[in-house]
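Asks: Chains as they are written, first to last, in numbering that gives the first Met the number 0: chain A, 0 to 704; chain B, 0 to 704.
It is worth saying that the hints were derived from the structure and are not from the lab. One should not assume that every hint holds.
Any copy will do: because identical chains look the same in the list, a pair fits if it lies in one copy or spans two.
With a cut-off of at most 27 Å between alpha-carbon atoms, the simulated DSSO-like pairs for lysine-lysine come out as follows [as the list claims (entries may be wrong)]:
(1) Lys230 with Lys319
(2) Lys148 with Lys206
(3) Lys319 with Lys564
(4) Lys315 with Lys631
(5) Lys206 with Lys564
(6) Lys206 with Lys1
(7) Lys634 with Lys578
(8) Lys631 with Lys578
(9) Lys1 with Lys631
(10) Lys206 with Lys631
In case you want the letters, here they are:
Protein chains: 2
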Amino acid sequence: MKRFFYPRSVAVVGVSERADNLGRNIVNNLLEFGFSGDIFPVGPKGGRVHNLDIFPLLEDLPYVPDLVAVLAPARVVPSVLDACGQMGVQRVVVESGGFSELGAEGQRLEEEVRQRLRQYGIRMMGPNGLGAINLEIGLCLPFMNLPHKPRLGGVSLLCQSGGVGTNVIAWLAQAGLGMNKFVSLGNKLDVNENDLLEFLLEDPGTKLIYLYMEDLADGRRLMELGRRANKPILLHKANIGELSADIARSHTASLAVDDDVVTAACCQAGILRVHSRNEFLQAAIALQQPPLRGNRLVVLSRSGGEAVVTADACHKAGFKLPPLSPEIVHLIESRSRAGVIKPINPLDLGDIFDFSLYADVAAAFCQDPDVDGIILNYGPINDLEREAARAMARNLIETARRHEKPLLITVIGNLEEREYFRHELGVPVFAFPGEAIRALALARRFHTCQLPLTPVAPPEVPSLGAVGSLLAPYLATVGPVPMPVALEAMNTLGIAVPPRRLAQTAEEAEAAAQELGLPLCLKLVAPSALHKSDLGGVLLNLNTTAAVRQGFAAIAQVARTNLPKGEPWQVLAMPFIEKGMEVIIGAKRDRVFGPMILFGAGGIWVEVLEDVAMRLAPLDQAAALELIHETKIAKILRGFRGQGPSDLQALAQCLVLLSAFMLEFPQVQEVDLNPVRVFPEGQGCLALDARIIMGEAATATVTTG
Amino acid sequence: MKRFFYPRSVAVVGVSERADNLGRNIVNNLLEFGFSGDIFPVGPKGGRVHNLDIFPLLEDLPYVPDLVAVLAPARVVPSVLDACGQMGVQRVVVESGGFSELGAEGQRLEEEVRQRLRQYGIRMMGPNGLGAINLEIGLCLPFMNLPHKPRLGGVSLLCQSGGVGTNVIAWLAQAGLGMNKFVSLGNKLDVNENDLLEFLLEDPGTKLIYLYMEDLADGRRLMELGRRANKPILLHKANIGELSADIARSHTASLAVDDDVVTAACCQAGILRVHSRNEFLQAAIALQQPPLRGNRLVVLSRSGGEAVVTADACHKAGFKLPPLSPEIVHLIESRSRAGVIKPINPLDLGDIFDFSLYADVAAAFCQDPDVDGIILNYGPINDLEREAARAMARNLIETARRHEKPLLITVIGNLEEREYFRHELGVPVFAFPGEAIRALALARRFHTCQLPLTPVAPPEVPSLGAVGSLLAPYLATVGPVPMPVALEAMNTLGIAVPPRRLAQTAEEAEAAAQELGLPLCLKLVAPSALHKSDLGGVLLNLNTTAAVRQGFAAIAQVARTNLPKGEPWQVLAMPFIEKGMEVIIGAKRDRVFGPMILFGAGGIWVEVLEDVAMRLAPLDQAAALELIHETKIAKILRGFRGQGPSDLQALAQCLVLLSAFMLEFPQVQEVDLNPVRVFPEGQGCLALDARIIMGEAATATVTTG
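Chain A with its partners taken away, still in its complex shape (with noise of 0.2 Å):
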């Protein structure tokens, strides 16, 4: 990756002398951002542009540029890296729009793109996005003006979309936050968002990387990434609900992933997830500071009101306001009038006019060991006192630099102010309180959270084999697999489930009574029936031989009511359990990032409540148990108000075992349990019910990442 951000030379495919042609722009933006290597215009037309003269072909250069940024049309994109092959070109950056986001036709076109990078070697970015910057070397390949130029510094971005991706850089300059590289990935024919993200994650200038997605190209990839970062990645995954289906799809040919699965992954492999460009700009500028090493603030204040209002952002974004230490007490009691200033935390300082004991204060607060970070709300009253509130301002954050701890600045009704120490001084200035205080919990996610730096390795799962022969007739289907074969794969598996008989006679249901005892419950079996119990399918707590005969019957009805003519069907009768609480154990194979596997709260609860918690496949006993106190049925599976705990250990010991399971059978695309019923402490679970689906193989390679 290397070579597409450190050219020597490049040529802009594409440029012609008129006023409006879009190659000129990129000429213009690589003269204008100091590009400092040979720039070549390259267009059938000739000519001469800002000073420099269109060569008519790739082919009359003078030598074999580094990079090739082609702004054509789509249709001569194939012939245009023919041209690159047989020079020797081995980067090329294809602007162009017109592939695979407008349908067939363009997909044809990629696959005769794909075809040329393979025969020649040649690494592309793009089509359908702007290319690469590097302001390190003054490399700017997109197309469009950009009038807000960042200054150089630690922030490197990866946009798929173009529009996206400007108003960031727009937003960066604007933030005061400095920029080191930035791609806009478009369609990501080849290169894709994780072989820049490897290449970032080694590059030294880049201190902070903020990937704005529509689509992502393989997710265990990016969570091995993540996992190995050593700083932040803030994923602003775009495209996350049926609304934005059709025009991602259209804008840069994504396609939708499950929100929840991202949320996730992101969670898992310690990668930053933010919902908006905002909050990824406010995080940045807190990402900044020396790193948050707990929870502990302290609020100096020249505002009661502004202190009330961080105060209430601390209560909600879980951080702690301890007490003031006695010698910062005293200090303040020493030094102001009796009375007057409440030394509490938030300390506010309004009634203070010398700004010196605002700087003792801050000095103070450095160096107690007890407070981890400093919130200051600041503003000066009248243009008499600026420059010493300026001197004041300039010496906490000298003070708070020294002693590697983060200070964040809201600036109070004076916006010149808040201009001046962003600009000037630059200093993490927020325009309220509630974003600085988002913005450090973002950080205090990083800076804290103690990854398992190695991914869980898979533990062995000696049933697995025998759970292959019963399913083997059905690895080749799609659709369900028969309840009855569902719950013998689950039991060989490992996770109990209910002894069980089936019946295709009231003798035969009566004979099951006989041999499971009462009370009983009767689901009918059928292919078409998978909402059993809307249909009234399902019978619970038939209580006499007569109740089981009457059952049957009842069930048979619905049967002949409700199936297509002619399908065979079956009655399963199973004891009928009423203790345990009810939970739901499940897993599902997503697109992009494999097995997940999920917990909730189970049986009507399910749909109600959202209790659910997900994690991806592989889990260890330990993993599995932290999935399960993630939820908040978890607070009653422990032991709540007089009751007992239940049996985690055996309902990690399934989730364990169900993630064995998606991960030996790529063919498996969905696996319900619910409700399972969970005993007190040391009895174990019972699924009892159960639901898999097969689909077709999934294709990506799942490893144990």
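We have chain A already, so just place chain B on it with the hints.
Replies: Leaving out everything else, chain B in the frame of chain A:
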């Protein structure tokens, strides 16, 4: 109140020639803001300031001023009020701090001030606030520089904190929003937010009101004002958690209010609750647009990425993006090359450089009755097209105004253009689509909510007399009423409870079993046994007479071990009831808002799920049903997955009765019925436990609003 905002003359008490005198700033602000009436600086040392004579005494003034602003030390404020009163001044603004926010001595001073106000019939703003601004006549009383002066417009601000207030003023100016009136209320010793709100609701210049409050004066009056408002009221209630409690008290002598109650009250009264100044600013921009009459938006974007981000924001905010009408599809297809523009919503016109198409499409959207609002993402890609792009945007804006449809704009990657639109064209411009959509969602709440304009009338409850007799011995006590009495009181009120017997011996417990039938449950009753089940004082599902006898013995042991020596105790026997869904019904009396009723998931689920909704009393049957339907558990209660509906009418009736109970007995602080079991439709519900806590009689007058 009008006389505070439209004085013809203002005296400023506390002015001197010293450069650091803060009273000077008031005089300066009056001059700078263009106050056209007489300004009289007053200060004991006399002299001149800003070319005006300083009068040594108020009595020296040539005539009685309409308004006196005071910024003298707190201790002299009573004597200033004497001087005002004796002259006949009727409106005073006290900006000095040093009153109840500083503790006992300040409270005594406030009592002296109160006495003067009564004696002379003076109305006063403050103390400890910045006073008022009225841009209509250039009145400006704050004692600090206001470097950012907003233009005259329709937004009026009521801010308890001066620091927060001046910051909001600066941001109004920055956002291009016009301001009308402003008050920094401070300690609200006399004039409070409700007095001012009542005035502003009738004030023709005020179109929208923002309140920043750290406490609330009278919740019921606020709600009544909210109900009759025909302009948006945005309430930013700060001081929401324990972290801000101390600082709010020392800043504006504010006490905390239960934040959930504030939320419920705002919702009932049609007041828009905002949680930050940024949220207010964005909402104010959207609320100045023509009303959003429905939920269907169209997105017109110059960037596909911004279109995706906008669609995501619409998804989160619950907006719909309906398909484009056939006419608009036809228009787009007739004007663009085949396949380049997908005629979908969001509509990405990024590849169109013919701006007349934007204008024509927007005009068609304006005329489309199925479109309620329009979002435009737009930005010029180079300087050449700036003028054409601006003309296009102006055209769109005019078209939308003519058709009275809200049009919100985000400008891509070009901050100067954003400023141009905001300040030159005065149109609603947002930095990011997320902010625009969230603001529009708040506007939707204002424009589409259908509140009952007349408050609920409390129903007649004939049983209240008998309940009163029963509770008479406890009405003057503080703390919990004995559990058997609480159950009896609820039963008398009309909320069904199970039959029950009290037992003091094992034999009496056995006799209770005979009468009530098995299975039985036993509960320890004693003044200090509030958390019965934690102690082991509750035994459920006793199936045999022997079990009842053993159970009594076990509870007796608990009583002997856990209760203070000599405390009397009994055992309450009740049938053990297993059927029905568990819910909680409760009531609390809030210091500011008075009695409120709550409903939610019951039993062990209360604390785990926190699925509780609340409303302020009184409730009628319809309001009670609405309250029930606000919870998640309502989904189950309405009938779910083969289970029939529960008896919602019976539950609602309980809520109505409890509401009447809370209004009748102001001594009651809190009622908890947990669990209440609700049975299938027509079969009623039963409160299995009841707690009534008595407190001091609430001083707030509880109206029926």
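Asks: All hints, please: hold or fail.
Replies: Taking the hints in turn, this is what the structure says about them:
Only within a single protomer do lysine 230 and lysine 319 lie at most 27 Å apart by alpha-carbon distance; the minimum there is 26 Å, versus 39 Å between protomers. Taking CA atoms no more than 27 Å apart as the test, lysine 148 paired with lysine 206 passes inside one copy only; the shortest distance there is 19 Å, against 40 Å between copies. For a Cα distance limit of 27 Å, the shortest separation of lysine 319 from lysine 564 qualifies neither inside one copy, at 67 Å, nor across copies, at 41 Å. Within a single copy, lysine 315 and lysine 631 get their C-alpha atoms as close as 19 Å, and across copies as close as 23 Å, so both meet the 27 Å cut-off.
Proximity of lysine 206 and lysine 564 under a CA criterion of 27 Å is satisfied in neither setting, with 66 Å inside one chain copy and 67 Å between copies. In this assembly of identical chains, the alpha carbons of lysine 206 and lysine 1 lie at most 27 Å apart only when taken from the same copy (16 Å versus 57 Å across copies). Taking the shortest alpha-carbon separations for lysine 634 and lysine 578, both the intra-copy value of 18 Å and the inter-copy value of 24 Å come in at or below 27 Å. Taking CA atoms no more than 27 Å apart as the test, lysine 631 paired with lysine 578 passes in both settings, with 20 Å inside one copy and 24 Å between copies.
When the C-alpha separation of lysine 1 and lysine 631 is checked against a cutoff of 27 Å, the pair qualifies neither within a copy, at 47 Å, nor between copies, at 53 Å. For a Cα distance limit of 27 Å, the shortest separation of lysine 206 from lysine 631 qualifies neither inside one copy, at 37 Å, nor across copies, at 44 Å.
Violated hints, in rising order: 3, 5, 9, 10; the structure is consistent with all others.
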